[in-house]
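S.K.: Place chain D on chain F using the hints.
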Amino acid sequence: AQSVTQLDSHVSVSEGTPVLLRCNYSSSYSPSLFWYVQHPNKGLQLLLKYTSAATLVKGINGFEAEFKKSETSFHLTKPSAHMSDAAEYFCVVSDRQSNYQLIWGAGTKLIIKP
Amino acid sequence: GAGVSQSPSNKVTEKGKDVELRCDPISGHTALYWYRQSLGQGLEFLIYFQGNSAPDKSGLPSDRFSAERTGGSVSTLTIQRTQQEDSAVYLCASSPERAADTQYFGPGTRLTVL
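Protein chains in written order, with the numbering used here: chain F, 339 to 452; chain D, 25 to 138.
Read the hints as simulated data drawn from the structure, not as lab findings. Quick caveat: nothing in here was measured; it's all calculated off a predicted structure. Only true hints are included.
As a list, the in silico EDC-like pairs of lysine to aspartate or glutamate whose alpha-carbon atoms are at most 20 Å apart:
(1) F:K447 x F:E402
(2) F:K447 x F:D423
(3) D:K81 x F:D433
(4) F:K380 x D:D48
(5) D:K35 x D:E109
(6) F:K387 x D:E121
(7) F:K387 x F:D423
(8) F:K406 x F:D433
(9) D:K41 x D:D87
(10) F:K387 x F:E409
(11) F:K396 x F:E426
(12) F:K447 x D:E68
(13) D:K81 x D:E68
(14) F:K380 x D:E68
(15) F:K380 x F:D423
Same shape as in the complex, but just chain F:
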């Protein structure tokens, strides 16, 4: 069965330093992988998605993620954190086995220190 594990429930970084949010998945089929962001009191927004094209995916707001099949990982990174990046981030997997339903990780809360 598919699953998504976000390895950190909270990540705290200083403004201007790199961000790494870790995600591991399990999937028996070629998965589609997503990162969504949820700012406080706002709706979920798609950051980026991987669907079997280039393994390095660039998203909005300077975020990117790399699909590593051998490690079953899809970690989210950003070179330099901004205060506005403070939010909850969700890693999501979807594949044919799940009937293309989205399987969600538990989320990682990103805290930005001034």
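M.R.: Chain D only, in chain F's frame:
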């Protein structure tokens, strides 16, 4: 253009009462999803509609939960005899077609059962 809208934004009810939550998907989107997000958790799939096909109800937690989609557009999620554990944010999403993967989320309805 208009995104996914949901109403009400907040609903407070007493245990045992019935509630109805409404979702207006993006015009032209054939797929519609309902999710539940409990505090500090990822999203839990509830139900999925695709065009005129029978809905996928595999995520509904009990027979107190039901949903319908009229005319292939607006959807209503009904919770009968609400319980305190039903308290959560209920999110609706739509996508252009079943396998398109990218889902567009509404702002959610925060349900509080006293």
